[in-house]
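Participant: Just so you know, the sequences run in chain order Z and R. Mapping of the first sequence onto the working numbering: residues 1 to 368, in sequence order. Mapping of the second sequence onto the working numbering: residues 1001 to 1464, in sequence order.
These are calculated hints, taken from the structure and not from any lab test. Be careful, since some hints might not be right.
Unchecked claim - In silico PhoX-like cross-links for lysine-lysine, where the CA-CA straight-line distance does not exceed 25 Å:
(1) R:Lys1206 <-> R:Lys1222
(2) R:Lys1176 <-> R:Lys1103
(3) R:Lys1084 <-> Z:Lys283
(4) R:Lys1066 <-> R:Lys1084
(5) Z:Lys243 <-> R:Lys1103
(6) R:Lys1099 <-> R:Lys1084
(7) Z:Lys98 <-> Z:Lys320
(8) R:Lys1066 <-> R:Lys1103
(9) R:Lys1176 <-> R:Lys1193
(10) Z:Lys263 <-> Z:Lys98
(11) R:Lys1084 <-> Z:Lys263
(12) R:Lys1099 <-> Z:Lys263
(13) Z:Lys283 <-> R:Lys1374
(14) Z:Lys283 <-> R:Lys1103
(15) R:Lys1206 <-> R:Lys1099
(16) R:Lys1374 <-> R:Lys1229
(17) R:Lys1222 <-> R:Lys1193
(18) R:Lys1066 <-> R:Lys1374
In this text, all values refer to a predicted model and were calculated from it rather than measured experimentally.
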Amino acid sequence: MNTDILIIGAGLIGTSTALQLAMRGCRCIVIDKASPGRHASGSNAGGLRQLNRDLAEIPLSVAAAKMWHNIENLVDSDCDARFPGQIRVAENQSDMHKLEQRAAMVRSMGYQHEEMIGRKELFQIVPALAPHCIGALICREDGYARPYHALTAFRQKAESLGASFHSDCEVYNITQEGDGWSVRTSQGTYNSSIVVNCAGAWAGELAAQMQEPVPLTPKALMLMVTERLPHFVDPVMGAESRKLSFKQMQNGTLIIGGALVAKLDFEQERTDIDWQQLAASAKTVLDFFPQLQDVRIVRAWAGIEGFMPDNIPVISASHKANNAYHAFGFSAHGLQLSPVIGLIMAQLILDGLSELPIEPFSISRFNH
Amino acid sequence: MRDHYQLIIIGAGPAGLAAAVTATNHGISCALLDEQASPGGQIYRAIESAPATRAQVLGSEYQQGKTLAEEFRACSVEYFPECKVWSLNSEREVGVLYKDQSKIISADQVLVASGAIERPVPFPGWTLPGVMQAGAGQILFKSAGVIPSDGVVLAGSGPLLLLLAWQYMQVGVEIKAMLDVTPHSNFLSALTKFPRALLAHHYLTKGLIYQRDLKRAGIVSKMAVSNLKAEGNGELQSISYRHLGREHSIETGLLMTHFGVIPDIWLTQAAGCQHRRDSSQQCWRPQHNEWGNTSIDGILIAGDGAGINGVRSAEYAGRLAVLQALFSLGVISQAERNQQSINPRKQMRKERHIRPFLEAYFAIPQNMLATTDKSTIICRCEEITAGEIRAAVDNAHGDSNQVKYLSRCGMGPCQGRQCANAVAHIVADAGGEAISDSSLFRGRPPVAPLTLAQLASLSAENAS
């Protein structure tokens, strides 16, 4: 099969890249070893967060936030996105101090989206919170979406503009042939002028095949969800010095996470929930919301994602080969960035450069 | 409760009870965990407490459980009733909730004797109050002697439906009609299995006696019924069906349905055991060998949880699986295992002669497994209809899990227990694909809902 651009990985990053390329009239195919959104993109917590990003990510995240607020213009669906804000709670003066420093740092870079609130406003926004909390860092424009809905909207829009998606298409090997690429898969060989590696947790293996190894670690992050409850909290809740990520979705269920890692057998793609960690997480939630003690957990799961040692992604043209590009390693915070990553990748591929600062995400940063 | 046992048995039905007795005869440390307050499982529910008159109505097969329960009480197993097992993983770690305290315990060998659940088959109106599963009716009768006071319509397929009708008749319940959805074509496919079934003729005889008694009592019984619908405004008021090309309707406030039973695979799924589609039993069951070994080392399965073979067979399978566990533990030799297995294996084979016939005769018609009625609710927790599921498939969400992600079907408090099978069938039907080993939702723990406080108690337990 021949195509101009072959994108490997039908997660949100690959799909968003396909969408932007298709919008600019390119012929592209997205292949996935399973199905669109099978791993991290379908099983993440759905956070749309600018709050407390790595400083290098801030320009991208702010641009992405603008796109999320108008997401319907881009993909003809609101992706069930809501913007009740995200909050990072301080439980003591030390937390408060760190958050104030953070807010000042972000302001000094010329950004206004992160601001401090005191105890009074915190309890106006989250009356249900345990009384020991004393303030918070807030980003009022933040929120959440439903990841699989977002992925589906991106995919369908890309398809409507001519992109193709092929599921159950596992890459066996990639070889450069002249200026182009030959990609042998479980569904036959694809010949493409350009390849884009958006393979998430599997991107490290692909990068190695493309002679550009990276220190990517696959990990499986756990989430749990409760039964539906009457509405009681608006913003997405985090905490400065605890592993907490907590939100009440549109339908009343609570999604509880917090960078908790499951046991992972990567070869078998099998995850085992680490209950001790989830128990600690449940305890943390109860420290902040003791009234939830009799709420039932309905399900827990873990999604497999690629993590980089510095916890920021690779967004880069290849430094080893022509006509190869990488966007992976989002280290469990790629959903919010995904619309702008598609834009950046389309610019990189078609224009040779991006309008946004992506030097910190170069793949060459690991080649010392 | 200790942190570790040589053998943990999950479930106190016939397989689990027999397994516990055999295991403790060999002096190993063995715990039996069960969610009910007393031994018996579903089939022998309330076996120690049911009054003699009720036990008599429940029949000789039920009463056989009494001996087994007595042997169980006399054995040295550590028995934990009212114990909720909420997780099992491939390392043989078992998450339990006992006396409101969560704990993770482990074992060298785990025997899952999870038993069966009633096959949920969605049809128009099945979620109306007043429609219930026959198994639930039997539970009420076994445990508390509760019976319908204003009459009942029984509908569906399978031996349990006939048994319940007969039992209700014995205690004076008005049976307004027996509606059997088994199509006539089943007779033909069952015919070839009939000679083998004759080897277990006592089962056939019993079925014929039940039918004869019901007929003598003048109970209306219709065969090859189709288009079953429950109707009513907010609650069941009537049911309608088609029979011999004509539509009929019956006024009733209670409809009990039964569409056979399927293995309860939630624990083996959670552990990551491989499962196979069984086309004859129209279900998924854990892959296992003749000793009950699953695909995971040290996790065994016995009884109806391994595939539906009935109460007697379950008891023998429990004994065989324990012999295998004892061999794996080094307690008995291979020769001893093989020697001791000869009799239970022979008995088990005898019990199973009837199964192929029953499976063919009571097979649920395809158009009920994968309903084509778009407005029928499939996921009752999230109120997702068959039409929404078919639309998702048309929109390139090609498997059950993608349909779940998109529509939320299977994401409610029942964790997909009520809809997993139906969704798998509808997705396959809508996509024009054959149903396969992997058509079900992927399992999502906990296997039983836990509260945040109950889960949090695990970390306190660990710290202490």
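Participant: Now, for every hint given, state plainly whether the structure supports it.
Facilitator: Evaluated hints:
{"no.": "1", "hint": "R:Lys1206 <-> R:Lys1222", "verdict": "holds, 20 Å"}
{"no.": "2", "hint": "R:Lys1176 <-> R:Lys1103", "verdict": "violated, 49 Å"}
{"no.": "3", "hint": "R:Lys1084 <-> Z:Lys283", "verdict": "holds, 20 Å"}
{"no.": "4", "hint": "R:Lys1066 <-> R:Lys1084", "verdict": "holds, 24 Å"}
{"no.": "5", "hint": "Z:Lys243 <-> R:Lys1103", "verdict": "holds, 22 Å"}
{"no.": "6", "hint": "R:Lys1099 <-> R:Lys1084", "verdict": "holds, 9 Å"}
{"no.": "7", "hint": "Z:Lys98 <-> Z:Lys320", "verdict": "violated, 41 Å"}
{"no.": "8", "hint": "R:Lys1066 <-> R:Lys1103", "verdict": "violated, 32 Å"}
{"no.": "9", "hint": "R:Lys1176 <-> R:Lys1193", "verdict": "violated, 32 Å"}
{"no.": "10", "hint": "Z:Lys263 <-> Z:Lys98", "verdict": "violated, 32 Å"}
{"no.": "11", "hint": "R:Lys1084 <-> Z:Lys263", "verdict": "holds, 23 Å"}
{"no.": "12", "hint": "R:Lys1099 <-> Z:Lys263", "verdict": "violated, 28 Å"}
{"no.": "13", "hint": "Z:Lys283 <-> R:Lys1374", "verdict": "violated, 43 Å"}
{"no.": "14", "hint": "Z:Lys283 <-> R:Lys1103", "verdict": "holds, 15 Å"}
{"no.": "15", "hint": "R:Lys1206 <-> R:Lys1099", "verdict": "violated, 42 Å"}
{"no.": "16", "hint": "R:Lys1374 <-> R:Lys1229", "verdict": "holds, 13 Å"}
{"no.": "17", "hint": "R:Lys1222 <-> R:Lys1193", "verdict": "holds, 24 Å"}
{"no.": "18", "hint": "R:Lys1066 <-> R:Lys1374", "verdict": "violated, 47 Å"}
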